[in-house]
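J.: Spelled out from the first residue to the last, the chains are:
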Amino acid sequence: MMESKMVGEGVKFERIRRITGYLVGTLDRFNDAKYAEVNDRVKHSIGTGNGEFEEV
Amino acid sequence: MIETIIKRDGRAVPFSIDKIANAIFQAAKATGGNDYEEALALSQKVVDYIESTGNTRPTVEEIQDAVEKILIESGHARTAKKFILYRSERSRVREMNTRLMKIYEGLTFKDAKENDIKRENANIDGDTSMGTMLKYGSEGAKQFNELYVLKPEHSKAHAEGDIHIHDLDFLTLTTTCCQIDINKLFKGGFSTGHGFLREPNDISSYAALAAIAIQSNQNDQHGGQSIPAFDTFLAPGVKKTYRRFYVSNLSKGLELLCGFEDAFEASKNLCLEVEGTYGLTPVFANDNDYQAKEADLLINKYKLPEANVRKAQSFAVKKAVKETDKQTYQAMEAFVHNLNTMHSRAGAQVPFSSITLGDDPSPEARLVCKNFLLATDAGLGNGETAIFPVSIFRVKEGVNYNPADPNYDLFKLAMKVSAKRLFPNFCFADATFNAPGYDVNDYNSKVAYMGCRTRVKANVYDPTRQVTCGRGNLSFTSINLPRIAIKAHGNTDIFFEELDRKIDLVFDQLYDRFLIQGRRRVYNYPFLMGQGLWLDSDKLKPDDEVMEVLKHGTLTVGFIGLAEALKALIGSHHGETQEARNLGLEIVGHMRSRCDQKSQEEGMNYTLIATPAEGLSGRFVRMDRERYGVIPGVTDRAYYTNSFHVPVYFPISAFEKIKIEGPYHNLTNAGHISYIEMDGNPLDNLDAFESVIRCMKDNNMGYASINHPVDRDPVCGYTGIIGDVCPRCGRHDGEAISEEVLMKIKGYSTSVCSCDENPLEEADKVAHPVDIVEI
Ligand SMILES: [Zn+2]
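Residue numbers (this note's numbering), protein chains in the order written: chain A, 1 to 56; chain B, 57 to 831.
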């Protein structure tokens, strides 16, 4: 029986991020400082998820 | 006997006493001397001295040391001083040349992944031939400008990291950006410099020419290009397209129902007759009397049966609406594709483009807006998120903000698209500083932002021309706020004094640069000025200087690291304490009032921007860490925080962040943007997405957007959030997967998935979201 052909070897996931207003398709193109900045980003809590904000 | 000397690069070259004599003579001349014989006599003394030390192969440095010694000892103090100056200047130039060659070496022999300079701008591929060639030019120009063009005090401040002169490589060449009025450009056609293009005649050519306009102007300026009312500008294209489809479909109806022989010619003439007689034309909304007048002619003049005429007319409307919709979608799809593939700047970049739209309630503009959003939603050929254009949805109460507003459906659609594709961003025309003068029917009265954040509105130079189109930023220079704060050692008085000195320095430097930009002529900006894009440039001749018309643009002071500056000054940043919030606003408010004051004094547009700091965020902090060491919360990360932002690493709710950053938008009149980082997939929670956007507006923000992860697996096509494993096909990053499994997942063979094979079908596929927008 023939084995099924394998595809996608070496194909990386694209991770699109916004850097100073522009989208960038691959993290490889970030300069060192921006790479660190993107890694440090934390999520901002939105609250209940029903469109209501929790006041802090 | 000295026969050879050793040059700096190690080569041995024949010794010549004349060279020493000449150097001494030049130094003497600079102090008023002109006795070459004496210079020659002094050089003999230099030679004698060197030989007396037993050195027969001296280095250049050793000879120069000897010259200094002999000059001083033989009473030529002033000449010695000049010689020392000359020597240090030469060594500065040499050092710069060496630095440049080191940079070139890195550009040549290192990949972008090991070379930060190649990644300075994330949207230029530094590994391509043209990308590297651009970098050679850019790095060489920077050094030249630093050494020979800038005033020494500006050059020093830049080199030492007190300030950062953005786009220094373009210092002597051009200006930053422009809001393009393509309506005006298209009228009567235009020339790209490589060929003349006629006024476009349907939506496809409108969209194609809009992309060409952006591309052409990108080669005349160093910043981005923007179309500030994309939907309004392209609406005439929809009008022309609809008219054509209406006429051709009416002819089909008439031919079929009434047996008209040459129905197409007849329909065309009929349309011309109605237009000529009544001034009415077939329109997309079909809300005028055109069809009544047309029916009248067909029934009474051409004696056609009324029932058939009505049938043919309603067929024509139905078909024309559908075909116009479809063609508009295809035009928008092609526009997005073009802006992501068409090259500019020697082929190393696609143009940095942005478009603003959303607040034109005319039916044709709505169709443009809807289809642009749908094309953005669909993505590129394989469903990839488009990087360009930066699209900006202009939010306006009474037009699109509330459910009763005519374009509320488009606002909803814009949020849905943004939740998937990160664009559009949102700008708020109701913000107190954006609202004055807004007229829904006048695109020039509406505020527009450039992609990254730049904004023009007020015009101190010419208060009668507070318009958006034909204007932009001339140049901007940013101040390193954290350094001023570190040096102030907690004393805010000292901080403000030093800040004032830096602001003065930047004003001076911006004006110097303006003089260089202004002395260039129309032919130096063949598209921007030659085609009349820039305000009032259409009144100039090719050889005229552009100085006066450039004054419509902005000279802009920027800043970086407010958060770190606050931390250094009082121990907390504005995310942490009320004290820091107050001081932060005081600092940025002071910078703004200095700009306003300067504008009034000079009659020019000095403005304040919240700097977008891609290349800069690492540079300042690296230099400050070297000088002052690691200071917690100030120099302990690889970057300084952007402009007035609350640090990205600081945990804070979206609501609090927006409330804290909102007031800075009012202060930064040359541009600003705020971001919220949203967790999870916002498509699953569009209500939350909308509530964040509304909160931004409620807090008087001018321009903002929501960030969320957009990942994609090119193998199976999944777009969304991908952790370590693709949720659709289960493969890890870079891992292979069996084709059989993949086919099962996708439900069809991979070999036929090329989406651009049949664009008509593509347009149909996205027909469902069309339904939510009733047009
Ligand atoms: Zn997958």
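Since the hints were made in silico from the structure, they are not lab data. Heads up, a few of these hints could be off.
Unchecked claim - Result set (DSSO-like, lysine-lysine): computed pairs, CA atoms no more than 30 Å apart in a straight line: (1) Lys43(A) <-> Lys715(B); (2) Lys169(B) <-> Lys12(A); (3) Lys359(B) <-> Lys374(B); (4) Lys296(B) <-> Lys240(B); (5) Lys198(B) <-> Lys43(A); (6) Lys85(B) <-> Lys207(B); (7) Lys295(B) <-> Lys349(B); (8) Lys138(B) <-> Lys125(B); (9) Lys543(B) <-> Lys198(B); (10) Lys715(B) <-> Lys800(B); (11) Lys43(A) <-> Lys374(B); (12) Lys800(B) <-> Lys12(A); (13) Lys308(B) <-> Lys240(B); (14) Lys374(B) <-> Lys472(B); (15) Lys296(B) <-> Lys324(B); (16) Lys5(A) <-> Lys802(B); (17) Lys12(A) <-> Lys349(B); (18) Lys198(B) <-> Lys169(B); (19) Lys12(A) <-> Lys212(B); (20) Lys359(B) <-> Lys43(A); (21) Lys295(B) <-> Lys198(B); (22) Lys43(A) <-> Lys375(B); (23) Lys12(A) <-> Lys472(B); (24) Lys715(B) <-> Lys12(A); (25) Lys5(A) <-> Lys800(B); (26) Lys367(B) <-> Lys378(B); (27) Lys374(B) <-> Lys296(B); (28) Lys207(B) <-> Lys240(B); (29) Lys375(B) <-> Lys468(B); (30) Lys138(B) <-> Lys212(B).
As the list claims (entries may be wrong) - If you anchor each label on the Cβ, the simulated ranges turn out as follows: (31) Asp40(A) <-> Lys240(B): 27 to 35 Å; (32) Lys43(A) <-> Lys324(B): 36 to 44 Å; (33) Arg41(A) <-> Ala68(B): 30 to 38 Å; (34) Met189(B) <-> Arg41(A): 40 to 48 Å; (35) Glu124(B) <-> Asp40(A): 28 to 36 Å; (36) Gly454(B) <-> Asp40(A): 36 to 44 Å; (37) Gly659(B) <-> Arg41(A): 37 to 45 Å; (38) Gly245(B) <-> Asp40(A): 28 to 36 Å; (39) Arg41(A) <-> Asn257(B): 18 to 26 Å; (40) Gly66(B) <-> Asp40(A): 42 to 50 Å.
Beta carbons: idealized from backbone N, C-alpha and C, even for Gly.
J.: Are Gly66(B) and Asp40(A) spaced within 42 to 50 Å by their CB atoms?
T.: Check passed, 46 Å falls within 42 to 50 Å.
J.: So the hint says 28 to 36 Å: do the beta-carbon atoms of Gly245(B) and Asp40(A) match that?
T.: Violated: the Cβ-Cβ distance is about 51 Å, outside 28 to 36 Å.
J.: Would you mind confirming whether the straight-line C-alpha gap from Lys43(A) to Lys375(B) stays at or under 30 Å?
T.: 48 Å, violated
J.: Mind checking the hinted window 30 to 38 Å against the Cβ distance between Arg41(A) and Ala68(B)?
T.: 58 Å, violated
J.: Does Lys12(A) pair with Lys212(B) here, judged by a C-alpha cut-off of 30 Å?
T.: 44 Å, violated
J.: Would the pair Lys543(B) and Lys198(B) pass a check requiring their Cα atoms to be no farther apart than 30 Å?
T.: Holds. Lys543(B) to Lys198(B) sits at ~28 Å (cutoff 30 Å).
J.: Are Lys374(B) and Lys472(B) close enough, with their CA atoms no more than 30 Å apart?
T.: Distance of about 28 Å is within 30 Å: holds.
J.: So if I understand the rule, the pair passes when the alpha-carbon distance is 30 Å or less; does Lys43(A) with Lys715(B) pass?
T.: 16 Å, holds
J.: Is Lys85(B) close enough to Lys207(B), meaning Cα to Cα at most 30 Å?
T.: 25 Å, holds
J.: Lys198(B) and Lys169(B): Cα distance at most 30 Å?
T.: 23 Å, holds
J.: Can the restraint linking Lys374(B) and Lys296(B) be considered satisfied, given a maximum Cα separation of 30 Å?
T.: 16 Å, holds
J.: Are the Cα positions of Lys207(B) and Lys240(B) separated by 30 Å at most?
T.: 39 Å, violated
Hints 5, 10, 11, 13, 17, 19, 20, 21, 22, 24, 28, 31, 32, 33, 34, 35, 38 and 39, counting from the list given before, are not met by this structure.
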